[in-house]
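Q: If you want the building blocks of each chain, they are given just below.
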Amino acid sequence: MKLSPLARERFTIFMMLFPTFLILVGFYLYPTLYNLELSFTDITLLKLRQGGDPVGLANYTEFLTSSSFFDIAINTVFWLTAISVVCRIILGLGFALLLNSNFLKRMHMTTLARLILLVPWATPPVVAVIAWRWLFDPTHGPINSWLLATGLISDPVAFTANLTTVWPSIVTIIVWNTTPLIGVSLLAALQTVPSDLLEASEIDGANRWQSFRFITLPYLMPTISVLTLMSVIWTFNNFVYVWLTTGAGPGTYTNVLATEVYLKAFVDLRLGYSAAIGVTMAIVMAAFGALYFRFFGLSDMQDKVG
Amino acid sequence: MKYLSKKLLLSAALMASTALSAAADVNLTFRFNDSEREEMRAALDEFEAANPGITVDMQTIAWKDSRDQFLRESAVGQGPDVVHIAFVWTQEMAEAGAVTAIDDLVQYGAFPNGFEDHIATDLTKYEGTAYGVPWSADTWAMVYRTDVLEEAGVSDFPTTWDELLEDSKIVKEKTGKTGFAFPAANQIWFPVNYYLWSNGAEFVSADGNGGYKVGVTKEQLVDAMNYFKTYLDDGLVSQSILSIDMPHDPALMQALIDGQQGMAVMPTNTFRQLLSAWEEANPGAEVPLQSGVMMGGSEGPKTHLGGRTLVVNSNTKHPEEAWKLMQFLNSAPLFEKYYTNQFPAQKTMLSEIEYRPEESGFSTQLAENTRTWGAYADSGVGVGPLWNVTSRAFGAALSGQNSPEQAADELIAEINRMLGN
Amino acid sequence: MDTQRPKGLAGLIENGALLTGFAIFAIFLLAPAFYVFKGSFENLSVSLVSSDGGWTLSNYVNIFSSGYYVYVINSLIVCITATFLACTISLFAAYGLSRFRFRGRGLVFGSIMGGQFFPWIILVNPIFILFARGGMINSQIGLILCYTAFITPFTIYLLVGYLTTIPKSLDEAAIVDGASRLTVVTKIILPIMWPGMVAAATFGFLQSWSEYLLALALITDDSMKTIPLGLYQYFGDVNVDWGAVMAGSVVATVPTLLLFLPLQKKLVSGLTSGATK
Chain B
-9 MKLSPLARER FTIFMMLFPT FLILVGFYLY PTLYNLELSF TDITLLKLRQ GGDPVGLANY
51 TEFLTSSSFF DIAINTVFWL TAISVVCRII LGLGFALLLN SNFLKRMHMT TLARLILLVP
111 WATPPVVAVI AWRWLFDPTH GPINSWLLAT GLISDPVAFT ANLTTVWPSI VTIIVWNTTP
171 LIGVSLLAAL QTVPSDLLEA SEIDGANRWQ SFRFITLPYL MPTISVLTLM SVIWTFNNFV
231 YVWLTTGAGP GTYTNVLATE VYLKAFVDLR LGYSAAIGVT MAIVMAAFGA LYFRFFGLSD
291 MQDKVG
Chain Z
4 MKYLSKKLLL SAALMASTAL SAAADVNLTF RFNDSEREEM RAALDEFEAA NPGITVDMQT
64 IAWKDSRDQF LRESAVGQGP DVVHIAFVWT QEMAEAGAVT AIDDLVQYGA FPNGFEDHIA
124 TDLTKYEGTA YGVPWSADTW AMVYRTDVLE EAGVSDFPTT WDELLEDSKI VKEKTGKTGF
184 AFPAANQIWF PVNYYLWSNG AEFVSADGNG GYKVGVTKEQ LVDAMNYFKT YLDDGLVSQS
244 ILSIDMPHDP ALMQALIDGQ QGMAVMPTNT FRQLLSAWEE ANPGAEVPLQ SGVMMGGSEG
304 PKTHLGGRTL VVNSNTKHPE EAWKLMQFLN SAPLFEKYYT NQFPAQKTML SEIEYRPEES
364 GFSTQLAENT RTWGAYADSG VGVGPLWNVT SRAFGAALSG QNSPEQAADE LIAEINRMLG
424 N
Chain A
76 MDTQRPKGLA GLIENGALLT GFAIFAIFLL APAFYVFKGS FENLSVSLVS SDGGWTLSNY
136 VNIFSSGYYV YVINSLIVCI TATFLACTIS LFAAYGLSRF RFRGRGLVFG SIMGGQFFPW
196 IILVNPIFIL FARGGMINSQ IGLILCYTAF ITPFTIYLLV GYLTTIPKSL DEAAIVDGAS
256 RLTVVTKIIL PIMWPGMVAA ATFGFLQSWS EYLLALALIT DDSMKTIPLG LYQYFGDVNV
316 DWGAVMAGSV VATVPTLLLF LPLQKKLVSG LTSGATK
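Residue numbers (my numbering), protein chains in the order written: chain B, -9 to 296; chain Z, 4 to 424; chain A, 76 to 352.
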């Protein structure tokens, strides 16, 4: 059978996208719809065999009006996501700038630094949490011994138990595990900044801050905005760090949306209720993504989406 | 552990007779989630040798994930044939239709001392029918560093919660060390219940009319919260316990090994690990660790009767062979030769155990001062959900996230919601 | 930029500050890993403090004699296969998405982005039920399919970005010369795409390497378990074997490090041009 060029082209497109289509339907669309359906029922893991009864929007109203909802939302948006993403972008940028400095370049530090960056990056999150919890330990942890020795504190600090230090501690662990990706990407982006532009600005009398602000930073912005978007998505949905570090405690002090989903689904076995939280999370993320594209005008991305 | 050779012979004979009737090759799967994997495999090899035609695969998954994994599997008609679960999961497994009723299995043969020789059979019953066989028994007791107490001049072990607090203050004052420390996150559930039980309260109790009610007043809850909070507020224990989930947390264990802490609370096996770790670090020295019964309040001390149940998956295609395996796993030789770290959940065998002197607190506690979760499970609320809300509420009160009054109000409201009141 | 290099004392101070900054970063990044590494060679039992202060290989001997190597092999099989599949699928999908304009293109791209928005924890139960009905429990193929699906959205996204840096004229010229699309992708695009592919592959490998919840639900047979499942086994109900945890952690980290070392240059260039273009 001979196909017309147009039909052949269509067939090619179809074949190229078909496996992706199967994945999207089988692993994303179906489970998402299934969850949407569950979220309107009172199904639990115990009732999985016979199925749940429809309860309408009860799960959503229970979650959105629960006394803990506001705290969970603040924890998720502010501490888990905003603070940790900002910290890792700033630290990543700082590390990249440091490594890009002429002095360290001449010292051949870049290769060494890349190796150093690989270590946290390659460490599985569970291992990262174990190590950090031990570093934070009040009686045996080196951080407390060091702070005590330097006289910065007079009593050991229980970093993961004290309400004022628990969030910074979790953020530290996340930043440690995820900053390398940011640092490495920004370092590569820094190396694309044309040096003649920087030299020209120097001749024009710009100081270093001005050169950075008006030349380097604009070059980095596309990388920074994509890294931010990706980091936000990954962090917002991540339950591993909080769960393994504090189990959402002390009390429920560090509970976030993802740990709430885990608690409700895997500890309290309330599948319907946790599905409702999951759907809410997905909607929030989708809205965030849409707004982000709109306001940060990732022109290339829009071009891609066409 | 000593055991009568007569019974050994009996169970051997039992196994021999079952071997004769075994059908053609049957492959069973046994999910065993404790750490004695090598020993259990050796035991299964013995079972296979005694029962030609039956092979057993052993699976292990992390204990905390095993509950929902088995519920998921059974709901879709899958899962291992024989499963190792906690006492308190049996009823919900039965409710989910995941496990086979014992009545349907005893046709294949009975236990040497009968089903009723097992302890905590009430926890295996759902709507009057037993769905599991209690396998191993356990509880928590007090653990003391005798040299630390001596150094502080505390000559007798405390017997009430108030004495425990007083002694902790003395230890702190005299030695600068920690007196009593406890995990204040997830597993604070246990000490909290012991405190309430010994003071005549419990989270859920029968209302006398066939229903259930919250069995603790706000005042009692606030009192319990303030009691444990005092340790933190008075600086008797490090704040870090607020993020410590379990008694076997490395920080707590290290403090006991180093002699930086005088008193603790933990389950039997954690104590055994502690003993062997201490002996390994100090070979030949006299062990300064001792166990004792739990604290009393307005009433005598009470701890929970915990342990493991064996259940047969309702999806099994080989109930007869699965039951044979259950009988083997409940026989005395298994506990004598292979599963030696655990106490058998059978009265006859329990009475014959020989304890190390250091373990006397545990044996007394287990024999005289334990109770089951009772109404927690009977009411249908379940131990798991109560545990979660309780440890969260106490964590919030102890850390200062909420005031004890507020945390107590919320906890009572939450339990009422679970009871459907 | 030599003109701006500060001279004399100011220069010394600046260089000193740079070195100090670098040292602080290095300590921050290495200290936790160092602790785990050190612990894996110590006699640890119930605590993370060595019982005798000496060095030992017994943690490694113990985990390998209890079959940890099986988990390593399984993890390698599952993660490498899934990464390979995901990259292949993504290469073609990305090519189709970047080279053709067709109806529904925006929708497909949107769903691929949306795939990353959904919290994966919530998908564990539906996927388990689907796989159980299809008889794919305790099957490495099942886990490979899951991980492939799990990785694909991001790799497509990365590769679409990378492809936009490759001029269309390149493959159009080949088409005019009579090459098929398949030939274009494998013979012309792929060789230029290597950095992008390496970045995508590393990323996919890392994601699947530490995945726990799906593996837990789908794999219960000991002979098919992956590293995260094996590692969590050492966290018992009433005790934790810390020596085994530390040694197991090091063994879990080493393959990713070994993988990263030779690839890191390509990885960086692929990541940046893919993600930001």
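Treat each hint with caution, since some may be false.
Only pairs whose alpha carbons sit at most 27 angstroms apart, straight line, appear in this in silico DSSO-like list of lysine-lysine [claimed, not checked]:
no., chain 1, residue 1, chain 2, residue 2
1, Z, K232, Z, K175
2, B, K37, Z, K67
3, B, K37, Z, K350
4, Z, K67, Z, K221
5, Z, K340, Z, K350
6, Z, K216, Z, K128
7, B, K95, A, K341
8, Z, K232, Z, K221
9, Z, K320, B, K37
10, Z, K175, B, K37
11, A, K243, A, K341
Some chain B residues judged to face chain A by a derived CB distance under 10 angstroms, without partners named [stated by the list, open to error]:
no., residue
12, I3
13, L12
14, Y20
15, V45
16, A48
17, L102
18, A112
19, P115
20, R203
21, I205
22, W224
23, V257
24, L281
25, R284
26, F285
The hints are simulated quantities; they were obtained by calculation from the structure and are not laboratory data. Quick caveat, the model's predicted, so the values are computed rather than measured. Yeah, the Cβ is synthetic: ideal placement off N, Cα and C, and Gly gets one too.
Q: So, for every hint listed, does it hold in this structure?
A: Hints, verified against the model:
About 16 angstroms separates the Cα atoms of K232/Z and K175/Z, which keeps this hinted pair within 27 angstroms; it holds. As the CA atoms of K37/B and K67/Z are separated by approximately 20 angstroms, the hinted pair is consistent with the 27 angstroms bound. At roughly 35 angstroms between alpha-carbon atoms, K37/B and K350/Z are farther apart than 27 angstroms, so this suggested pair is violated. For the given pair, K67/Z sits about 31 angstroms from K221/Z by alpha-carbon distance, which is inconsistent with the 27 angstroms threshold.
Straight-line distance between C-alpha atoms of K340/Z and K350/Z comes to about 19 angstroms, which keeps the hinted pair within the 27 angstroms bound. A C-alpha spacing of about 21 angstroms is found between K216/Z and K128/Z, which places the hinted pair at or below 27 angstroms, so the restraint holds. In summary, the hint linking K95/B to K341/A is supported, as the alpha carbons are separated by about 19 angstroms, within the 27 angstroms threshold. The straight-line distance between the Cα atoms of K232/Z and K221/Z is roughly 16 angstroms, inside the 27 angstroms bound, and the hint therefore holds.
Our distance criterion of 27 angstroms between C-alpha atoms is met by K320/Z and K37/B, whose separation comes to about 22 angstroms. Taking the CA atoms of K175/Z and K37/B, the gap is near 51 angstroms; set against the 27 angstroms cutoff, the hint is violated. About 22 angstroms separates the Cα atoms of K243/A and K341/A, which keeps this hinted pair within 27 angstroms; it holds. The closest approach between the C-beta of I3/B and any C-beta of chain A is roughly 5 angstroms, which is under the 10 angstroms cut-off, so the hint is satisfied.
Nearest Cβ of chain A to the Cβ of L12/B: about 9 angstroms, under the 10 angstroms cut. The hint holds. Look at Y20/B: its Cβ gets to within about 7 angstroms of chain A, closer than 10 angstroms, so that hint holds up. Evaluation of the V45/B hint against chain A yields a violated restraint, the C-beta minimum of about 18 angstroms exceeding 10 angstroms. The beta carbon of A48/B is not positioned within 10 angstroms of any beta carbon in chain A (closest approach about 18 angstroms), and the interface hint is therefore violated.
For the restraint placing L102/B at the interface with chain A, the shortest Cβ-Cβ distance is roughly 8 angstroms, inside the 10 angstroms limit, so the hint holds. Because the closest C-beta pair between A112/B and chain A is about 4 angstroms apart, less than 10 angstroms, the hint holds. The beta carbon of P115/B comes within 6 angstroms of a beta carbon in chain A, closer than 10 angstroms, and the hint placing it at the interface holds. Evaluation of the R203/B hint against chain A yields a violated restraint, the C-beta minimum of about 16 angstroms exceeding 10 angstroms.
At a threshold of 10 angstroms, the smallest CB-CB gap from I205/B to chain A is about 12 angstroms, leaving the interface hint violated. The beta carbon of W224/B comes within 8 angstroms of a beta carbon in chain A, closer than 10 angstroms, and the hint placing it at the interface holds. Because the smallest distance between the Cβ of V257/B and any Cβ of chain A comes to about 12 angstroms, over 10 angstroms, the interface hint for this residue is violated. The interface hint given for L281/B is broken, as the beta carbon of that residue sits about 13 angstroms from the closest beta carbon of chain A, more than 10 angstroms.
The beta carbon of R284/B is not positioned within 10 angstroms of any beta carbon in chain A (closest approach about 14 angstroms), and the interface hint is therefore violated. Hint status for F285/B: violated, given a least beta-carbon distance of 16 angstroms to chain A, over 10 angstroms.
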